[in-house]
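Chains as they are written, first to last, in my numbering: chain A, 1 to 185; chain B, 1001 to 1558.
These are computed hints drawn from the structure, not numbers from a lab. Glycine included, C-beta positions come from ideal geometry on N, C-alpha and C. Possibly wrong hints are sitting among the right ones.
What the hints assert, rightly or not - Selected chain A positions facing chain B (in silico; Cβ < 7 Å):
#: 1; residue: Ala16
#: 2; residue: Arg19
#: 3; residue: Ala21
#: 4; residue: Ile28
#: 5; residue: Asn36
#: 6; residue: Thr39
#: 7; residue: Lys51
#: 8; residue: Asp54
#: 9; residue: Met60
#: 10; residue: Gly81
#: 11; residue: Trp83
#: 12; residue: Phe118
#: 13; residue: Thr143
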Amino acid sequence: MAEQKANKSNKKRNRAIMRSAILSLLVIAIGYTIYNSVTAEDVEVLKAGDKAPDFALLDMEGNSHKLSDYEGEGVFLNFWGTWCAPCVKEMPAMDRQFQEYEDQGVNVLAVNIAQSDFEVQSFVDRFGLSFPVAIDKSKSVMTAYNIRPLPTTVLVNPEGEIQRIVTGEMTEEDIKGFMEEIRPQ
Amino acid sequence: MENLVCKCGHKNPPGTILCESCGRSLTEEEQSKKLADMRYEGTARRSQTYNKSIIDKIWNFFSSVKVGVGIIVVLLVAAAIGTILPQAQYVNVPVRNDATLQAYYADVYGEIGKIYYFLGLHDMYSSFWFITLVGLLAISLIVASLDRFVPLYRSLKNQRVLRHRSFMNKQRIYAEGQAPDDVLVKAEEKLKELKYNVTLDKNGLLAEKGRFSRWGPYVNHIGLIIFLSGVMLRMVPGFYVDETLWIREGETRAIPEAPGYYLESEKFTIETYSGEGDEELFEDALDRVGTVAKNYQTDIVLYQTPEESLPGATDEMEMMKEESIRVNQPLKFDGYAVYQMDYKLNELRAMTFDLTDKETDASLGTLTIDLVKPEDSYDLGNGSKVDLLGYYPDFSGFENGEPQTATPVPNNPGFLVRMYTPETPEGEVSFIVIQDTIEPLGENQYKLTFQSAETRHASGLTIRKDRTLPILGLGGLIFMIGVAQGMYFNHRRFWIQQQEGGTVLLAGHTNKNWFGLKKDLDQVSEYASLPVYTDQQEEVEKKEKLDKEQKVEGDELR
């Protein structure tokens, strides 16, 4: 009789475990699906805290810039085009601040989106930009970073992580603050 | 709840209708019925038996068919409402964000559109509540199936040959009467011939055929679950890709969502039916409807960069394929398919000018500016050259004396040039846009005269990858197997029992197709001289009909 009782309570326990397991598995599956569907649009887009995707681009002077080579230093990654008025507006301010922070381990790389060498070079000459400017001819870096509106600035900290993503025009004040953020300590 | 002890001594779980061992009716309601309820073999639905902890209560909720059907009805109604107005993903707005979508629904559909958007119905199928409902349906399918399948499986696996008389005479097909002594032997012989599995026990015989038909509903539920999990996986990154890529002739572009792959467009072609030659047949139709497209085609080259290569570094890429993408003939690689979807014709690609003397119209030479790769300087020979000072692909006006461009696309190219000739070695500055020349630094002697333009086409391609297709296919296949299993096969059983004194009891049951069962039984009856059977269901129906008629007659008489 005692054995029977033990058997019965055993069975009951197993049943509870089994049912809880099946139900929780299904609830997790539903939760995961909802999570994915809600975040579907953000999944492709990078966010602060993510590892910055590595890339390699040639600048207008023919020097190669590989993001991972700058580990230990901050990278101010600015995506732009000559047709984008706010991009044009913030360039001189970026250049001034670059000269301030260059010696403190902050790099600026301005990535143009697939324009011609002529357009980009005449733009660089016009503003006398001192930081490297590269052209993403195949839009592959733009794709990797999922850049939609221009200008977009991706701030990469010395650890190689994305510190912040800024879309839209920045004031000189903003630029100074951002460079301060990614300056190696 | 306590176990139900049958008269035969067998302990049945609570909720059992027919004793698992002998088949006696266990409930009063069941006992009073003329025919036994054979659904799930009269076993207890497992969840009915225990209802104690919260988990058990949740489980029991989902185990109910009523709840399942309720969820299906709600889903159907919701899904139908979602089709009243187009879903957001199929709506055409220039810039896609919440504000423009809201405005679109309000503008196009008025009040209804506003409400539709407000309730979130414009993006219903990926809303959390819709997914939750589908998930609840999945839970209901799994729980309800388990609760019914397990007891049914056990009961059919352990079924006894000898059943109680009260079980036998409550079957729809029933006979009782005298039969020869060798009736069991003969019946066995014939039943085996008819491909029945026959089991003998003492004075009884059980013949069974097509038991697997009973698993049909459960198999088809498994298919549904697999199908649903495939749909679920679509939302997991990496399983489903649907992207658009615009590429112009001569351009090489990274393929979105396909890291390491690049596409170069060599040529875009659009062909229309001419109505001549072989196509004379279509002439009338073409006269009626105008131009009809015959082919949209993009000739492409697919490149791949080495695995360790980084975005931006395209110098090491290797050619993988050279192909023509046409409608319904996509480029396929590594699980991706690239389809021809759209096109834009005649975008400026190069412009040719003559350097001419404004007075005499005499030409000093020709230059062609490649808009994709403008050069700093164009030498025309004979001491003349043109320096390009600025290029503005989509000229939109001046700001602080500086020409502006609205987009990177050459819709309205503007050129700032300095022209040198032997007569004007200092150079003359001129700003040229289509059909206009501005001379910002005073009157010039020379000008650039537009001669001709080259254009190129752009292809709109769609990149798709769907790794869930095999899962959806498998789910669908299993579902269909389950349906066929349950629909086209029948589970038929006969019980024959020899009583003392030469009386024989006979009962028959099938889950469907009683006609087929009777045909089998007729053959066995004839061969083994079984007593004549009756279809008790028909009897009941006949009696009910008769009662009704009599009642009507009675009413009329009154």
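Taking the hints in turn, this is what the structure says about them:
no.: 1; hint: Ala16; in the structure: holds (6 Å)
no.: 2; hint: Arg19; in the structure: holds (5 Å)
no.: 3; hint: Ala21; in the structure: violated (10 Å)
no.: 4; hint: Ile28; in the structure: violated (10 Å)
no.: 5; hint: Asn36; in the structure: holds (4 Å)
no.: 6; hint: Thr39; in the structure: violated (9 Å)
no.: 7; hint: Lys51; in the structure: violated (13 Å)
no.: 8; hint: Asp54; in the structure: holds (5 Å)
no.: 9; hint: Met60; in the structure: violated (13 Å)
no.: 10; hint: Gly81; in the structure: holds (6 Å)
no.: 11; hint: Trp83; in the structure: holds (5 Å)
no.: 12; hint: Phe118; in the structure: holds (4 Å)
no.: 13; hint: Thr143; in the structure: holds (5 Å)
In this structure, the earlier hints numbered 3, 4, 6, 7 and 9 are contradicted, and the remaining ones agree with it.
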